[in-house]
Amino acid sequence: MLIHLPIAQVAVDPLILVAIGMVVGFLSGLFGVGGGFLLTPLLIFYGIPAAVAVSTQANQILATSIAGVSAHWRERQVDTRLGTLMLMGGLAGSTLGVGIFSLLKAFGVVDGTIAFLYIVFLGVIGGLMAWESVNALRKAGGDPGRRTRLRAWMRGLPMKRRFPRSGLYISIIPPIGIGFFVGMLAAILGVGGGFILAPAMVYLLGVPTRVMVGTSLFQIIFLTAYVTFLQATLNGTVDLVLAAVLMVGGVVGARYGAIAGRRLKAAQVRLLLALLVLAIAGRLVYELFVAPRPEYRLEEML
Amino acid sequence: MKRIAIAVLAACICSVSTASAQRVEGTERPILAAGIAEEVINVEVNYSDSRVIVFAAIPQPENATSGIAVALVGPVVPHRMIRRSPLGEERIEFVAAPQVFAVGAEPVVTASVSPDTMIQAGLNAQASALPRLDQLLSPELGAWREAFVGLKMDEGLYTFGEATFRRFEGGLRRATIGLPLNAPPGEYTVRAVAFRDGRVVGESRQRLTLARTGLEATLFDLARQHGLIYGFVAVLLGIAVGGIAAWLGRK
Numbered sequence: 000m001l002i003h004l005p006i007a008q009v010a011v012d013p014l015i016l017v018a019i020g021m022v023v024g025f026l027s028g029l030f031g032v033g034g035g036f037l038l039t040p041l042l043i044f045y046g047i048p049a050a051v052a053v054s055t056q057a058n059q060i061l062a063t064s065i066a067g068v069s070a071h072w073r074e075r076q077v078d079t080r081l082g083t084l085m086l087m088g089g090l091a092g093s094t095l096g097v098g099i100f101s102l103l104k105a106f107g108v109v110d111g112t113i114a115f116l117y118i119v120f121l122g123v124i125g126g127l128m129a130w131e132s133v134n135a136l137r138k139a140g141g142d143p144g145r146r147t148r149l150r151a152w153m154r155g156l157p158m159k160r161r162f163p164r165s166g167l168y169i170s171i172i173p174p175i176g177i178g179f180f181v182g183m184l185a186a187i188l189g190v191g192g193g194f195i196l197a198p199a200m201v202y203l204l205g206v207p208t209r210v211m212v213g214t215s216l217f218q219i220i221f222l223t224a225y226v227t228f229l230q231a232t233l234n235g236t237v238d239l240v241l242a243a244v245l246m247v248g249g250v251v252g253a254r255y256g257a258i259a260g261r262r263l264k265a266a267q268v269r270l271l272l273a274l275l276v277l278a279i280a281g282r283l284v285y286e287l288f289v290a291p292r293p294e295y296r297l298e299e300m301l
Numbered sequence: 000m001k002r003i004a005i006a007v008l009a010a011c012i013c014s015v016s017t018a019s020a021q022r023v024e025g026t027e028r029p030i031l032a033a034g035i036a037e038e039v040i041n042v043e044v045n046y047s048d049s050r051v052i053v054f055a056a057i058p059q060p061e062n063a064t065s066g067i068a069v070a071l072v073g074p075v076v077p078h079r080m081i082r083r084s085p086l087g088e089e090r091i092e093f094v095a096a097p098q099v100f101a102v103g104a105e106p107v108v109t110a111s112v113s114p115d116t117m118i119q120a121g122l123n124a125q126a127s128a129l130p131r132l133d134q135l136l137s138p139e140l141g142a143w144r145e146a147f148v149g150l151k152m153d154e155g156l157y158t159f160g161e162a163t164f165r166r167f168e169g170g171l172r173r174a175t176i177g178l179p180l181n182a183p184p185g186e187y188t189v190r191a192v193a194f195r196d197g198r199v200v201g202e203s204r205q206r207l208t209l210a211r212t213g214l215e216a217t218l219f220d221l222a223r224q225h226g227l228i229y230g231f232v233a234v235l236l237g238i239a240v241g242g243i244a245a246w247l248g249r250k
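Read top to bottom, the protein sequences are chains L and U.
Start counting the first sequence at 0; every next residue gets the next number (numbering that gives the first Met the number 0).
Start counting the second sequence at 0; every next residue gets the next number (numbering that gives the first Met the number 0).
There may be inaccurate statements among the hints.
[Said to hold, decoys possible] Computed footprint of chain L on chain U, listed as stretches where at least three residues anywhere in the stretch have a Cβ under 8 Å from a Cβ of chain L:
(1) 73–82
(2) 125–138
(3) 225–238
Honestly, the hints are just simulated from the structure, not real lab data.
Values in this document were obtained by computation on a predicted structure and should not be read as measured data.
Heads up, the beta-carbon is just placed ideally off N, CA and C, and yes, glycines get one too.
Just chain L, same shape as in the assembly:
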């Protein structure tokens, strides 16, 4: 059975879309990432036009994040105070990032340079995280130490507040700053940024891995709602039929992802996330250096 998508203008098999949504939702629930980096290429590969795939994935992730965060919420593993601060920084950072991106584009900065920086960034994060989590697994398999040299710089900062869910007493400047930086980077690189934010929360702020997953999903809810609204209002490229079918699989996958996450050690979750980040970097290396790039492209001027 096929269904016709009103905005994408293609006929698709809903069962395949449900399966795609389920896989991406599972990763979302397990790691606290949105999953757009995986969903968008999968949809494009299946024949959905790129503009519709990019816009609609945000709508699907909104639903899966709500479903995923509910499981973490009940277990009191969502730090809303910390999440709100990072969200504020993220919104400001992404607004500035969009401006910087337009400026770089106007100056003719080649896409390849951005992709190369992206690969270096992901490779370093993924590599360090994999190394740390393997070391942690050899010991107890818990979270990284609280008083590391990496976080020593934060202790002298003013405006300290308590974050009881995360068990932290830190300045509000680092969470806002990290949110701002990740938001800006995400806007420049054109991604959601969950897989950058998640390790930043664990290693730079010292948020426990399980609280990180719930808090990251909490932020993603607001960010994806904002992106969905903008894409639907300004571009009309959100396909509600496609989103609805993806959501069905996504919410189921997100719940099972959250359940699977509870059965793993914190270091195991971090190691799997590191492997995912390295896999994304690998895909980018392939796209940049191996895959043939089309010489021509076509746009309809409707």
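Given the structure of chain L, go ahead and fit chain U onto it with the hints provided.
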């Protein structure tokens, strides 16, 4: 019921095939007696694909080189093409080019008609892409057009030789041509062109509407005409589905 309608259509075409002295508007080609089985195809959420059936009566007398070609063309919209090169990006604008171009011809036509005649008959996909006036004399127009057709073929919107034909007594032909799955709704032209001895001897043009109906039409119109409401609906859908899933998870 559909079969009866097609039979009646075929009978009507046979009866008027002898009176074809009129000319196709804007050309010197005589009108070909032809008709299509359905003038409107509805696109709903359960739409998968469709076929257009064309009946045409070959002008008499017929010989061994007589045959027809059919084309489904439309909706015509402007397109922009971008080419990546070491020096940057180059662009060309086709002010009018069909989004869909599906053409098929009987084997006898393919074997006997020259490419120039096919272009003059409007059955060449590359020639259907009209550039801006200032780009009309570009030495690279041929390469741009070739790439344009290639990209459209990759999308499945331009197809060649995928029509099937059946011959009946009295010079009547039935052609069946597929409408691509991703064909956008809008106004199409279904053309049937008759050839004899490698030359065009008749042509017909029929209008075909691919129309959205039901939920398909509601969502499309909402997205295009009421973006703000559509944006709210999209966000509410995400919240509702996520909320229901969370509630079911608690149960």
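| said: Three residues or more, CB to CB closer than 8 Å: is that satisfied between the stretch 225–238 of chain U and chain L? | reply: holds (count 11)
| task | Between the stretch 125–138 of chain U and chain L, see if three or more residues pass the 8 Å beta-carbon test, and mark the coverage as holds or violated. | result | violated (count 0)
| message | Tell me whether the statement that chain L covers the stretch 73–82 of chain U is true, taking a Cβ distance below 8 Å and needing three residues at minimum. | response | That given contact holds, which follows from 7 residues of the stretch 73–82 of chain U lying within Cβ reach (below 8 Å) of chain L.
The earlier numbered hint that this structure contradicts is number 2, and it is the only one.
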